[in-house]
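Top to bottom, those sequences are chains A and B. Quick note: the first sequence uses the numbering used here, first residue 1, plus one each step. Quick note: the second sequence uses the numbering used here, first residue 1001, plus one each step.
Read the hints as simulated data drawn from the structure, not as lab findings. Please note that a few of the clues may not be correct.
If we take Cβ atoms under 8 Å as the criterion, some of the chain A residues that face chain B in the derived model are [what the hints assert, rightly or not]: (1) Met-58; (2) Leu-60; (3) Val-78; (4) Glu-79; (5) Tyr-86; (6) Pro-88; (7) Tyr-92; (8) Asn-94; (9) Ser-96; (10) Leu-105; (11) Leu-109; (12) Ala-219; (13) Thr-223; (14) Trp-227; (15) Ala-233.
A virtual CB, placed ideally from N, CA and C, is assigned to each residue, including glycine.
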Amino acid sequence: MKALAFRKASKIYRSSHLGRVTEVVGLQNLELEIEKGEVFGLLGLNGSGKTTAIKLLMGLHLPTTGEVEVLGRRMPDVEVLARIGYAPEAAYLNRSLTGRETMSLYAALSGIPASRRAARVGAILEQVGLGRAVDMRLSAYSKGMLQRASLAQALIHEPELVILDEPVTGLDPLAIKEMRAVILWLKAKGTTVLFSSHDISEVEKVCDRIGILSGGRLAKTMTQAQWRGKPDALENAFAESVKRTDGVGEIKLK
Amino acid sequence: MNTVKAVFDYTFREHVRHKVWLSAALFGLILIAGGLVASALAQDERARMLLDLGLAANEAIAMISVVFLTVHLILQEVESRAIFLILTHPVRRWHYLLGRFLGTLAAVGLGLAAMGLFHWLILFALGWTGEGSYLLAWSCSLGKTAVMGALALLLSLALTSEAAAMAFSVFFWILGHFSSEMNYIAEKSGSSFMRAAILAFSRAAPDFAHLNYRDAAAAGLPGHRWMAAALLYVVGYCAACLALSVQIFEQKEF
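Take these sequences, add in the hints, and give me the full structure.
Structural data, given as C-alpha cells:
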C-alpha cells in the first residue's frame, strides 16, 4: 500500500518584475512512491527541492504539471490533512499563546472532539517533555522547547503519515538523539515517516530508503541494504549525485 | 464550524494579549480633555458636547484599530510562516479567513463596548438620558467598524502590502462619507466614461450614509425598517468583501 506518490510532479516558480518573467525550477518530473510504514529520507543540498516536495504534499503549493497523491487522495485535499502530521524546519508557532493553548488550537483544527481534547493536550505535552511548561507563553520558550512544541502539534492527532522538514537541523546532540528515537518509535507503531535532511549520518541510522534530490530532480534512490555495513556508501552516493544549483559558488581558501 | 471557532478563539486571544484594549485608554484621555473644555459650558451644552466628542472618538479609534489589525492579520502570519501550520491541518481557507476576521472584529468590538460604557457612564453622571438612541449610535459605529475591517482585509490580500492596504483603507473610509457627493459629481460629469468610472468607484467604496444614524434621527427616531436596511447593508458589504478575499486567498501558495 502506498502512503504517497509523486507522478511526474513539477513545480516551476514564476515571478515577474516590470514585465520580465523569471522562472525557477523547484521540482522537475519527480516520480517517487513511498510505502505505508516506511521511513523515507529525502536528501539534498539547499535549493534541491526538498521543501518544495514537502509543500506539494501538504497542499501549500500546487504542482505546475503532474500530480501528487497522499494516502490515496490527490492533493490538495483538506480532508486528508487530518491524517498527516507536519513539522516544518523551524517552529512557526504563534508566540502569544501558551503551550496548552497552542496544542488545544491544533487539536481542535485536527478534528479531535472537544471531550477528548484536554486529555490529549496534556498527554502530548507530557510526551514531548513540556509537561512543566504548559502554561508558559511560547514567547518564553527556548529554541529546543519550541522545536518540541512543533513536534507535538504534528503528533497530537496521531497521524498515519508524519512529514518532518529538516527535523535535526540546529538541534544539540542530545536533542538529535531524541529525535532519532521519536522517528524509530513512529516506525515501530507503523506510522509512515518522510523527512528531509542534509545530515547523512542521521538519515542512514533511521531510514529504510532514501531519495537524493539535485536541482529539482530525483538523482538516486537507495535502500538500506545498499548502505548498511558499508562505510561511506551513502556519503559517496550523495557526493556523486548532487551538484550545487542554488547559485552559491565554492569558498576559495587562499 | 469547529475550525472557525478555533481560529476565532486564538485570534481574539492574540489581540487581547497584544493589548488592543489599551485603545480605550486613548479614548479616556480624549474624554478627559473634552471634559476640561466643556467645563466652561452650561450643563446641557456640556452633555451634548461630550456626547458628540465621545461618539466621534469612539468611532475613529475603532476604525483605526480595526484597519491596523486587519491589514496585519494575514500578512503577518504569512511573514512569520505561522500560517504554514494552520493550513497544513484540515482547515478550509474560508474557515480560516472567517475565523480571523470575526476574532478581530470581536476584539475591536470589545474595546468599542468598553469605551461606549465608559462614555455612557459619564453622560449619565451629567444627567443625559438617551439610552436607546445611544445604543443605536453605538451599533452604527460597530457596523462601520465591521465594514472597514472586511474592506481592509480584502485590500491587504489584494495589494499584499500593509502600508498600501492601510492607505487605501483610510482613503475608502473618507470616501465612504461622501457617497452622495460622488453621485452628484458623476451626474454632472460630461463624459459617460468618467460617469461610469466614478459610479463604479462610488459603489465599490463603502456607503456610510446607510449607517448615518444622525441624519435618520433628524427626521424622527429611525424605525425598524431603517435599522434592518442598515444591518443588511453591513452584512452584505462584509460578505462581499469576504467572498472576494476568499477568492484571492484560495489562489495563494505559501
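Here's how the hints hold up against the structure:
Of the supplied interface hints, the one on A:Met-58 holds, with its beta-carbon coming within about 5 Å of a beta-carbon of chain B, less than 8 Å. Using the Cβ-Cβ criterion of 8 Å, the hint placing A:Leu-60 at the interface with chain B is satisfied: the shortest such distance is roughly 5 Å. Interface restraint check for A:Val-78: the shortest CB-CB distance to chain B comes to about 5 Å, inside 8 Å, so the restraint holds. Nearest Cβ of chain B to the Cβ of A:Glu-79: about 6 Å, under the 8 Å cut. The hint holds.
Annotation: interface hint on A:Tyr-86 holds; nearest CB of chain B at approximately 4 Å, less than 8 Å. This hint holds: A:Pro-88 has a C-beta 5 Å from the nearest C-beta of chain B, less than the 8 Å allowed. The beta carbon of A:Tyr-92 comes within 4 Å of a beta carbon in chain B, closer than 8 Å, and the hint placing it at the interface holds. The criterion of a C-beta within 8 Å of any C-beta in chain B is met by A:Asn-94, whose closest approach is roughly 5 Å, and the hint holds.
With 8 Å as the threshold, the beta carbon of A:Ser-96 comes within range of chain B, its nearest partner Cβ sitting at about 4 Å, so the hint holds. At a threshold of 8 Å, the smallest CB-CB gap from A:Leu-105 to chain B is about 5 Å, leaving the interface hint in force. Annotation: interface hint on A:Leu-109 holds; nearest CB of chain B at approximately 4 Å, less than 8 Å. Evaluation of the A:Ala-219 hint against chain B yields a violated restraint, the C-beta minimum of about 25 Å exceeding 8 Å.
For A:Thr-223, the interface hint is violated, the least distance from its beta-carbon to any beta-carbon of chain B being 29 Å, above 8 Å. A hinted interface residue such as A:Trp-227 counts as satisfied when its beta carbon comes closer than 8 Å to some beta carbon of chain B; here the least separation is about 31 Å, so the hint is violated. Checking A:Ala-233 against chain B by beta carbon gives a least distance of about 34 Å; that is not within 8 Å, so the hint is violated.
Violated hints for the displayed structure, listed by number in ascending order: 12, 13, 14, 15.
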